[in-house]
Each structure stands twice: as C-alpha cells, then as structure tokens.
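**Q** Dock chains F and U against the given chain A, drawing on the hints supplied.
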Amino acid sequence: MRYEAPTTAKEAVRLMAGKAGMARVLAGGTDLLVQIRTDRIAPDLIVDIKRIAGMRSIMTKSGGFRIGAAVSGAELGEHKALRRAWPGVVEAANLIGSIQIQSRATMGGNLCNASPAADSVPALVAAGATAVIVGPRGRRSLPVEDVAVAPGRTSLKKGEIVEAIVLPKRAPRSGDAYLRFIPRSEMDIAVVGAGVSLTLDRNGVCTAARVALGAVAERVILVPDAAKALIGSTVDQAALERLAAAASAACRPIDDKRGTKKFRIKVAGVLARRAVRTALARAQGK
Amino acid sequence: MNGGRVMGEMMSKVKVSTTINGDPVEYLCDAEETLLDVLRDHLGLTGAKEGCGTGDCGACSVVVDGRVVCSCLVLGAEAEGRKVTTVEGLATGDRLHPLQQKFLEFAALQCGVCTPGFLVAAKALLDRNPDPTETEIRFGLAGNLCRCTGYDKIVRAVQAAAAEMRKG
Amino acid sequence: MPLDATIDPATHKFALVGTRPLRPDGIDKVTGRARFGADASAPGMLVGKILRSPHAHARIRAIDTSKAAKLPGVKAIVTRADFKEGDPGLRDVLHNVMARDKALYDGHAVAAVAATSAAVARKALKLIRVDYEILPHVTDVDEAMKPGAPVLHADMITANVEPAPKKASNIASRCEFGHGDPEIGFKQADLVIARSFKTEATHQGYIEPHACLASVGSDGQGELWVCTQGHYMVRNQCASLLGMDVSKLRVTASEIGGGFGGKTTVFIEPVALALSRKAGRPVKLVMSREEVFRASGPTSSASMDVKIGVTKDGRITAGTAEIRFQGGAFAGSPVEFGAMSAFACYDLEHVKTVGYDVVTNRPKQAAYRAPGAPMVAFAVESVLDELAKKIGMDPIELRLKNAAKEGTRSSYGPKYKRIGLIECLEAARRHPHYKAPLGPNQGRGIAAGFWFNFGGQTCVSLNVNVDGTVALAVGTPDIGGSRASMCLIAAEELGIGYEQVRAIVADTSSLGYNDISEGSRVTFSTGLAVIQAARDATAKLCARAAKTWGIAPDAVVWEKGYAKPASPNAGSFAPLSLADIAKTAGSTGGPIAGHCEVNAEGAGVSFAVHMTDAEVDRETGRVEIKRYTVVQDAGKAIHPSYVEGQYQGGAAQGIGWAINEEYVYGRDGRLQNPGFLDYRIPVASDLPMIDTVIVETPNPGHPYGVRGVGETSIVPPLAAVANAVSAAAGVRLSELPMAPPRVLAAIDAAASRRS
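Chains A, F and U, in that order, give the protein sequences. Everything in the first sequence is counted per this note's numbering, starting at 1 for the first residue and increasing by one. Everything in the second sequence is counted per this note's numbering, starting at 287 for the first residue and increasing by one. Everything in the third sequence is counted per this note's numbering, starting at 455 for the first residue and increasing by one.
Check the hints yourself; a few may be wrong.
[Said to hold, decoys possible] Some chain F residues near chain U, calculated using beta-carbon distances under 7 Å:
no., residue
1, 303
2, 384
3, 389
4, 427
[What the hints assert, rightly or not] Now the stretches of chain U that chain F is said to cover, found in silico as 3 or more residues with beta-carbon under 8 Å:
no., region
5, 932-940
6, 1105-1115
For the record, the hints were derived by calculation from the structure and aren't laboratory data. Beta carbons are placed, not taken as given, at the ideal position from N, Cα and C, and that holds for glycine.
The following block holds chain A by itself, in its conformation from the complex (with noise of 0.2 Å):
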C-alpha cells in the first residue's frame, strides 16, 4: 500500500485518477482504516487529503457556507456562525462517535462513505445542502441525497473527491434539527435518523420544509410527503401525526442485528415528529 498526502486539489484528482489500483481518499479515516483493518478493502493507494487547505477550511459564501470536505466534527462544533444557522447539520454531525472520532470524523467522509445510517447526511439533504465535487474533468455540483446510491457505493467516477459541501443561505424563520435513535447513549451505529428543515412565515405557517430519513433505506431518503404533511400548516397535533405516519410509511428498511423493520417503520414516525418540534422551535427563535 502507498501513502501520499498531496497540497492540492490538482494533484489529489491525479492520483486518485491515476491507473495503479485501488485509490481511496484518506480524511478522518474512522470508516476507511476500520475497513482496512477488518479486511473489507485492501486499498493500493491511499490520498491523505488533509494538507490542502481548501478542504479544511470553513467559508462563509453568498449568505451560506463552503464546509472543506475534510473539517472535522469538533471544528463544525467549534464554529459559532455555522452553528447558529445550522444547529441540526452541526448537531448530527456531532453525533458521529465519540470525542475521539470527533476529533477526526467529517462530513465528507460521512458522506461519501455511503452508509444508509450516516448521521451527517440526513440533516445535509433536509437543509438543502450540495456536494461539491473536483475531479479530472473539472468541479460539479451535486445534490447530497445524490452522492450515495447504495450501501458504500457513491455515483463518483474515477478520480472524484467530494471537495466541499455547500450549505445554502437561510431565510429568516427557519430551523433545523437532528434526531437518532440509539440504544445506548452514545457511540451507536443510528437505528434510525430524521433530519428535518423547515421555514415559517410571519404568521407562524409552514411555507417551506425538507425532512430526510436515515438508516430505514438503502441510502438516505428525502421524503416529500412528510414535507407536504407540514407545508401550509401551523405544525399543530394534526400536521406531526400526519408528517410521522408520512415518515413510516416512506421507509424501506431491512431486519438487521441494530433493529427489526417493525420497529424501524415505528420509530421513524417518532423521531421525525420529535425532529419537527425542535426544528419548529428553532425557527420560532427559541
């Protein structure tokens, strides 16, 4: 196995794009090494991305913000503005592990590690966010729930890195929140996930709302019919039990050692419901 740590985005596409073997990008390395370890992969080039500093920065951008690929879950926590406007992606992403995976964890990573489960990215595709992607035939731009496709595949070609995640700007009125379901109180793989976003008008009504599930699918999925349950409501009783039994019914997921489908289907009602009253609250400035 080779080890490189490249200075730029250039040279990073290069060998990843390069013909020798298998190359995978080296960030917080907490999915990477472990799969390296347990012999799930056996990688011929490792591309440590952390020496370029476009991919560690975070960057205001046009009301938003520009997140570097490889900025870890404790400087996500660490940012205030980030965390004022965006308290549910910043929270989700520090779910992720412990302090120590804090330490190394990213968002990048998460993501395009592909698991339905990732906590990071249902709080991403609720708030709208893109992935930007450099590669050898230049930058594009994707929406997240895009990146994954199925469990640890991404729809990247050869040669592309996820170079930042784009967070739009955020209309007045607006919250977001994160909710997992975990057995324990720390340190588990998400049973479920629920992202949620949504937007109020001056008069306390719902104008805009994304919610996205984790872990009850093969990828995360956006759910427009939970959004819809909400839009043009006041987020009374009415509109949450519609917008969990949306939820619910959306979900696909499969019986596994972290939960049964049962009680997936259940408790991503729950959750998503939960998910909305803090969002609501948030957007409520409280």
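**A** What follows is chains F and U alone, placed relative to chain A:
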C-alpha cells in the same frame, strides 16, 4: 530473494518526522501501519493499548495537535510534522498529573488497561472544559470503555482532579 | 483456618485492614509503564496468527499449507497434528484450541502461522487452503435439544439419565438438586406463577484481548508471558498439550486487563508455544477483538422455566426450575451452578431444580463472574417480583419472610453457617433509595442474589529483607487489586507499615502451585495464606529474638511489630523490631521467611441485594438506568475501595447484560456482532453513579471473617433491572436483553391486548 521486490517493499515505507511528548522523533513505517502500531512496536511506548482496533474502545487514545484521537484510526504516516502526546507524557518528571493522582486516590482503576486512554481523554476534556458537570464528563468520556469499574470512581476522580486544577 | 479466637472482626481494631491506601501497582498503571499481555517483546520475535473456520459446522477434509509455507517470512505453521493428545481431562480443551476433523463454530481455530511481520502472517493465512464440507448447524439451545437437530458429537450420550439414551444428541448431561416434594408444596400455595425466560449469550468484555509471548528453546525449555487468571493452570495445560514436563515451562503472569472468568482457560497459548518450538524463535500471539468475540469463551445462553407458589401472606411453599444452558460446542456449561444457586437465597421445604447441559455450534463457553447464577436469578427473582405484586406485598418483605439464615438447609444441599442475607435485605430497606419518589415512566426493581465463593490450593512466600521490609510472593494474578489487600494483611499481621511490604505475583518456577484467580477466592485464600505465612514468620522471628536473649522461644511473643518477652518472668529485654532482627539474621541462623502451602477451606457464601430505577421511553422502548444501589455482604472488607469497585463493576456488567448485550447469530450460524460497536457494553454516559453498601457479617471460616466479593455482584442486576423495566413499561419482560425493539414490541402488544 528477488532484489527488485525487496526494493519495492522498502519504497512503500514512509519516513516520518514528528514530536512525541515534546521530543523530536523520526521513524520509518509501512503505509498501512497505524500510529498505535508505531508507538507500541517501533517506539516502545506501550501505554496506549489496542482494545479493539476499530475506534470503539478508546484504549489507544492519544492527543495529536491538541485533539484526542484513537491512534488505531490514525496512520503512522499522518503524524508527520504534528505534535503527539501519549500517557507517558502526562507526568512531569516524578510529579504526577492531578488526574493520575486522583485516579489512584479514588481507586478509579482496577485492572488498569483502560486507564491510559481515560487519562489522555480526561485531560483533553478538562483542557477544554475546566468545570464540567457530571453529564459532560460522562459524555466526554463515552468513547472510553471500562469493564471493571462501572465508571463511578472514574467520574469522581475526574471531578476531584478538575477541582484541584481549578485551584491552580 | 477459622475465625480467630482472639479477634472478633466486628469489634477488633485493625491497624490497617479496612483502610484505603494507594495500590502498589498504581504508579505503573497511571503512567503507562505497567506491562500487559501484548506489551512484551523479545529479540527475533515472530508474529503469530490463527486461521479460523468461517463456517458454523463443517467437516475438515484437508488442510493444504504448502503455499503458505513457501511465502518468504513464514517460519512455522502448525495444525492439530502438532499437539499431543494425552490427558483425557484436556480432550475438549485441546479440541477447542485447534479443530481436528470438524470445525464446530464460526471462529474455530484450524491452523496457525508464525512470520516475520503481521502483514506476512496475514498473507500466509490467506494462502492456506482448507477443504470444508459444510454441515447443518444449530445455535439455539432449545432447537439443539430437539430430535432431528444437527448433532455435533457422534459420541455424546446424555449422562445422568436412566436409562441412557441409545442415540447421540446435543444434550451432554442432566443434573438435579433439591429436597422435599414440590407437588405437595404447590398444593399448599394460594397463588402459583409459572413463567418461561430466555437469556442470550454475553461476553465478559474485558478490554484487553488475549495475548502472549512464547519462547521455546531447542532444549525444550519454554518461557511464556501471558495475561491470564491462572498461570499455573496455563503451565500445566500447555505442558501437557505440548508433551513437555511441567518443570520445563515457566509461565509469567503479566498484568491482566480484565478477565472476569474469561481468562481461566487456554485458547492461544498452546498455539504460540507450538509455533515457537517449530520456528526456534519467540512468537507473539495476540487475539484481535473480533477473535475475542468469535473464539474465546462467552457465557451460556439459557432457556428456563420457573414455577413458584406462595401463600397469600407471602410464605413460599414450593419452587421448581428447569434450566437449559448451551455452553458452545463442548460440554461444560455452568448449568449445575445455575441449578444449585437458583433458590439459594430462600428457606424452602420443597424445592427442585433440573438442569440440562447442551452443546451448539458456538464457541466453547468460559466462566463469567458467578457462572450460571445471573440467568437463573433473573428468572426466579422476576417470578418473586410478580408474586409480590399480586399478593400486594412489599418485595423486600417477601424476601425477608423467606430468607435463608444460619442453619437453613440450602436448596443445593448443605446447611448454611452464619450468613448475611437478612442483614443485606434490612440494609436495603433502610436505604434512602428504597423510598425515593419515582418520576413518570419510571419503575423500581429489587432482586437478591447469591454466590458460593471458593477456597483452593494456594502458596505464599514471605521473605524478610535485611532492612526489615518484607517481600511477599503470591501466586494468584491480581485481577481486582489483591496486591494491595495482601500487603495490608501482611503488614497487619507483622505490625509494620503498609509501605514496608512489597507484593509481587511470582512466576510458576518461583512458587508452588496456585489455583486460578477465580471463584472470588483470592482475598479469602491468598489472604488466609498470607496470614499463615506471616504467623509462620513471626514465630521464627520470636525464635531468633529468644536466641539473642538466651531464653526459650515460647517465652517470646510478637506484638505490634516487635518481639517481646511474654511476661516479666521471661526477663527484661528491650523489644526487638523486625528490622532489628532482620539486620542480624545472618548470624542468628540465616534468612528468615514464612511460608504457607494450603488447600484453603472455609470460604463463606455471600449474598447481595440490588435496587434500581429505570425509565422507559414508551414510544421507542429505550431504557435508561436512573439510579442503582448495591448492598452486599463482604464478611470483612480488607480494602473497602476495591470491594466497592467489585460491587460497581459487577452491577455494570449485569446492567449491560440486561438491556443491550447479546450474541447475534445469522441464519448461517455466523456471529454478526464481533466488535464493541454492535456488542453494546455500557459506556460512561449510560450509567448513573452506583451507590454501594458494604455489609459485614463475618465468615466463620476465615481469621478476619473475609468473604469473596467479586462475583455475587453480577447475580442480582439482571433481575433487578428486569423488574424495574417491567414496572416502568407496564408489562413483564421475560427475555433478555431488553433492547428497545423487544421492549417496544412488548409495550405495543400489551396496549393492543388492553384495547
């Protein structure tokens, strides 16, 4: 023995210059060796332990550039130019760090294998948050597994060390 | 050695016993200097790795190691043929160490290599070709007992069944305990409840994987550095399996990063020695965490039926249990301990327990802290909880009314000597936790528990140094802080300071045979041996003083660290300290030492009562433990901090067992969660502070009244938590773990039953 292949294998070794517990250190490691492998097998620093190899137990915790990490999830190559602190760097000469002292006084260790990881993680916690609540301590140390103590005496030791460190 | 006639532990003023000094191995452990199993290395060391079956049950038709042998860097390969089949008592141990004609579980070792690096060793394993014929498998205990289940051992005929079965099955044996006639007892009851319970296999979860460094020379002499609870056991078993004389193998116990019973047998040690012997170089073999889960010794899963009858004023009239334990691929689950301990807390006229030891395609079980007892306590204490609620009786009151006491005939046979169950129940009832108010969706559970505790073969050597300090060599690995306790005891007996005694765990060549550190035996047995060795030494010290003074040895007594004339008649001599006598030892007769070689008897049983409050999120089934209190009888706490530590540690393991820990097998018989990510032990944020109450009812069999404490603390938590969760959820949970999907399903089922 095929000379060409030997050379090829040697070429995949990475030369690293880093700082460990304040001392400059250089080593050669395979690309796939973790920082934990390097510390234990090449540098004789066996304080960090491999409890799981997958970042789930925290027994391998070290600090890299001010952040506590699982050294089993850091490549040895990544330490280039960085500052690494291990449990061996906690005490100053023969003076124990307050955390080490309190762990002993409060019987916060039984078998002791998780203790280096806890000390490193607890120090990182207190460096950022000198007056943590019990809940903050428990969540801050959730990445360190202990099977012997049930965590009660560990939390009390951290609280006591924090109080002593705040006295200055 | 019984309770000292001169000491009443309840009132005696110990100088040091009962205090909380810092442990002697503490500095090393907080600075990273302490050396555990994987921390040793040797010049020329090779890395050993084991090839393991990926199938739950398969015939091994052939193993071809030729390609692996040719890989540069591979220095030795071993298979089953490299071990000696001799001792029939080790037949199953050997079979588990390395498979012969069949792989019996996912993870069963089939071959091993030693190579110049881990990378080469891993590559070499991939080059070994094993020709498997996959066979049907069974992993569930009840399924394994059914006729038609795949049979693991063609020669397994159920023992203790009359008449003996004609066909082989997976039922290794049957056992039965009890007295009286439960049918009569049930007729006397006003209320009888019968329930079935299931628990899943769990793992001791020690943070340190098995690790050893083996070095065998061409003269057949071997050295083994290993983390173990019993290095003498390791020596004896490895010597036998390698065809070595016992004296040729010296085993040194490293510091041990947790055992809890899981390190009381051998797994990788014979393999490392065999590799080293073949390669002519030291071999380091360390299990990965995945290997620990797949191929060390988890505890049994259990299926149990319990029936208890009570009168309406709370007298238990009869209790029966049938328990079925699977202990992995070989006989030897702790079903007997389970059957014996099930009703041990109670004074019953009519009681009967029947147990079945069953094999399945799972790793061979090993002891896990009070083996067999936690599961049956879960079942029995849950039924008692239900009975108490139905007759409207306070749960502690119910237990007090039926509690075993001195003179009670136990459910497993012997009459109890002085015991402390009633004291524990009363202390629990007095504790503020018992009356504390509960919040919404919260429930409180209590449970009692019992463990036998053991004595065993023990040697201690106590040597007096020239400056009057003492070197204490013990042979029981320190798994809970015992070196501190041994120093306290030695210093107490000798009348010197705690810091003047240094205790080490000697290697197998330096001290006589010691049984394993298990069965909560160390403080009792090694402590008792230290007392005897110290008294042996003080007798010799007195003889030296007598010689110096020219008086008879029996005219000298040892008192608070000094040799003194026994009375004014003996003469008036200034007392001689240990240091005084030690300084001149060379001219008064030579080195001074005290010894004890004993088969310690008189271990006292210990009881515990646990109380816990649980909160259940009724929409998700998630359980949170809000409060926990352990009340346990220690007889006499030598070092209270370490006694509290045992109470808290056992409780934490029991909580994990109750709510989240389990072995998950796929339909293919492969273990699905061999890691700490999905084998969910409690983390710091999962638990509250764990309050402890040390009850001291002296054990009449020990000079200070010591009872073992390490195991009893894991016996009540499964039931205490189940009772609390059942109360909080409003529905009885009878299957562990009470993970959220199970709790939620139970809540939803109860809700639809009601509507």
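**Q** Are the hints correct? Go through all of them and say.
**A** Verification of the hints:
1. 303: With Cβ-Cβ at 23 Å, over 7 Å, it is violated.
2. 384: Cβ of residue 384 of chain F sits 11 Å from chain U, so the hint is violated.
3. 389: Residue 389 of chain F check passes; min Cβ-Cβ to chain U is 5 Å, inside 7 Å.
4. 427: holds, 5 Å
5. 932-940: holds (count 3)
6. 1105-1115: Result for this restraint: holds, n = 3.
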